[in-house]
Amino acid sequence: MLALTWTEMGSPTWAEASSPRTALLCSAWLLTDSFSAQQHSGSLQVHQTLSVELDQLLKALSFPKKKPALLSAAILRFLRTALQQNFSSALVALAPSGSQPLPAPEDNILAPLGTSQVLALVIGLQNLLVQKDPLLSQGCVGCLEALLDYVYARSPDLALHMASQPWNRFLLFTLLDAGENSFLRSEILRLMTLFVRYNSSSVLSHEEVGHVLQVAALADLSTLSNTTRRALRDFFLQVQSMGLLINHSTTQTLQASLEGLSLSAFSDHPLPQDMLCLGGVASFTSRGCGSREFRSATSACSRVLEMDFLQFLAFFFVLLLSGVGATGTLRTSMDPSLEIYKKMFEVKRREQLLALKNLAQLNDVYQQYKILDVMLKGLFKVLEDSRTVLIAANVLPDGPFPQDEKLKDAFSHVVENTAFFGDVVLRFPRIVHHYFDHNSNWNLLIRWGISFCNQTGVFDQGTHSRILSLMAQELGVSEKDSDFQNPFKIDHPEFIPSTDPFQKALREEEKRRKKEEKRKEIRKGPRISRSQSEL
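If you're matching positions, the sequence shown starts at 7 in my numbering and goes up one per residue.
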């Protein structure tokens with residue numbers, strides 16, 4: 007039954023949530039998850055083992071096609087349980103699909119997962135998160151929690167590196183709304199708790215943690231849902247355990263507010279945080295439930311499924327700004343950490359290029375300006391910070407690959423952000439020139455970045471070998487070759503739409519921004535104020 011999930015992907019009714027086949031598949035995944043959890047916790051005897059193709063499972067989440075949110079959530083629930091059980095379920099056997107190449111030595115420690123599979127899964131979870139579907143968000147955060155715990159138990163350095171990447175910060179910004187208390191949602195609080203647990207101060211600074219606690223202390227917690235209050239309490243306890251409680255007054259106020267809520271507020275027929283349900287089928291991951299709790303959960307399920315979930319397309323390329331590791335192709339070291347960075351670099355580059363292609367196909371120049379404005383500011387901030395770290399530590403681009411975790415991050419941030427900026431420059435030259443040409447600091451930073459990358463050996467061979475030269479010529483930081491041509495100009499419609507409405511909107515937006523800049527310059531000049539008698 008579960009194998010039908012992969013064979014049904016081409017069906018015309020695949021994306022219909024109301025399809026009987028979709029409902030049947032959701033029930034199958036939830037039942038399998040529930041049975042696996044109960045068998046594992048009770049060490050029950052198994053008479054027949056179910057087999058699930060691990061590669062197909064990861065592919066469905068890492069490269070998600072359009073599918074009902076509930077089905078994705080059901081698969082997420084199953085994978086979370088498998089991760090929590092360390093893939094040791096006696097009921098469900100996760101097998102590779104067909105003949106697979108032998109795993110690299112550095113992958114053995116993560117078996118049955120590979121490093122590239124882990125990284126692709128993280129990116130897939132991020133892409134699902136930015137859809138801001140309430141059901142998917144809870145499932146994605148839960149799966150991310152289990153995945154980081156699984157990786158940390160086997161490779162702490164890799165887990166800490168994954169959690170501390172600045173693109174997680176952009177993920178938070180994408181999920182937050184404009185409201186002051188927009189972080190008071192259970193999935194946001196759980197995500198912040200995760201970053202605090204792994205000491206990811208580059209994602210969530212200590213000052214920002216203090217601000218969150220301060221706003222939470224002033225909020226009326228009685229208006230929050232039970233799930234959100236539990237998530238807030240977990241966040242507070244995690245911050246407390248990490249020794250990040252600085253403001254004594256805020257700490258006491260929030261602690262009093264949390265303690266002031268009666269225990270019944272946390273247990274009055276709650277929908278358990280580790281449960282997903284479909285009709286009368288409820289799936290629990292780590293603990294059993296009594297008949298009363300199950301009946302309460304079943305009735306709550308019917309209410310959850312009646313919600314009209316909002317789904318919309320969100321651009322996720324801002325999540326891909328910072329590097330996850332780049333290595334020089336001329337380096338001969340077989341350092342396992344270096345091989346991990348190689349794979350992370352290639353996976354991240356593919357996702358960056360795919361995201362840029364999706365953005366280029368959006369015929370909304372106003373939205374493109376807005377997104378690129380925010381993205382470029384973030385990119386150069388990361389580049390500047392990384393440059394400072396590398397120079398302070400006297401790291402040479404053509405020297406030994408840094409072994410310190412902080413220096414590794416800074417090295418990879420420079421390499422990947424420089425390459426990614428090259429992709430943006432070539433695909434959106436007009437928009438980039440609008441911001442770049444008048445920013446001398448960016449000019450100096452990218453000149454340094456190009457020089458640094460040219461000496462690392464990363465771009466000497468392979469598909470990324472020409473990106474630095476083309477970018478430098480397009481920006482004018484190096485002399486243009488006589489035959490220079492931007493390969494992504496208007497005559498390449500697969501990347502930049504050449505429809506008349508798009509070009510017209512682009513020209514109009516450029517005119518509007520130039521007028522706005524002129525008005526700002528006029529305002530900066532001297533003014534003659536009228537005297538009170540003249541008014």
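To be clear, the hints were calculated from the coordinates, so they are not data collected in a lab.
Heads up, the beta-carbon is just placed ideally off N, CA and C, and yes, glycines get one too.
Some clues are possibly wrong.
Result set (DSS-like, lysine-lysine): computed pairs, CA atoms no more than 30 angstroms apart in a straight line [unchecked claim]: (1) 387 x 363; (2) 387 x 376; (3) 520 x 486; (4) 521 x 495; (5) 376 x 363; (6) 520 x 412; (7) 65 x 138; (8) 363 x 73; (9) 363 x 383; (10) 73 x 138; (11) 524 x 495; (12) 412 x 486; (13) 521 x 412; (14) 412 x 387; (15) 363 x 520; (16) 363 x 486; (17) 524 x 412.
With beta-carbon atoms standing in for the labels, derived distance ranges [what the hints assert, rightly or not]: (18) 457 x 159: 20 to 30 angstroms; (19) 180 x 160: 44 to 54 angstroms; (20) 466 x 397: 42 to 52 angstroms; (21) 525 x 380: 42 to 52 angstroms; (22) 159 x 96: 18 to 28 angstroms.
Each hint tested on the structure:
1. 387 x 363: holds, 24 angstroms
2. 387 x 376: holds, 17 angstroms
3. 520 x 486: This hinted pair holds, its Cα atoms lying about 27 angstroms apart.
4. 521 x 495: holds, 26 angstroms
5. 376 x 363: holds, 17 angstroms
6. 520 x 412: violated, 41 angstroms
7. 65 x 138: holds, 21 angstroms
8. 363 x 73: holds, 22 angstroms
9. 363 x 383: Since the Cα atoms of residue 363 and residue 383 sit roughly 20 angstroms apart, the hinted pair holds (cutoff 30 angstroms).
10. 73 x 138: At roughly 15 angstroms apart (the allowed maximum being 30 angstroms), residue 138 and residue 73 satisfy the hint.
11. 524 x 495: Given that 30 angstroms is the threshold and the Cα spacing comes to 29 angstroms, the pair holds.
12. 412 x 486: Measuring from Cα to Cα gives roughly 36 angstroms; hence the hint is violated.
13. 521 x 412: violated, 44 angstroms
14. 412 x 387: holds, 16 angstroms
15. 363 x 520: Holds: residue 363 and residue 520 sit about 27 angstroms apart, inside 30 angstroms.
16. 363 x 486: The hint holds at about 25 angstroms.
17. 524 x 412: violated, 43 angstroms
18. 457 x 159: 20 to 30 angstroms: With a Cβ separation near 40 angstroms, residue 457 and residue 159 fall outside 20 to 30 angstroms, so the hint is violated.
19. 180 x 160: 44 to 54 angstroms: Violated: the Cβ-Cβ distance is about 29 angstroms, outside 44 to 54 angstroms.
20. 466 x 397: 42 to 52 angstroms: violated, 23 angstroms
21. 525 x 380: 42 to 52 angstroms: violated, 22 angstroms
22. 159 x 96: 18 to 28 angstroms: The hint (18 to 28 angstroms, Cβ to Cβ) holds, given that residue 159 and residue 96 are roughly 20 angstroms apart.
Comparing the model with each earlier hint shows violations of hints 6, 12, 13, 17, 18, 19, 20 and 21; every other hint is respected.
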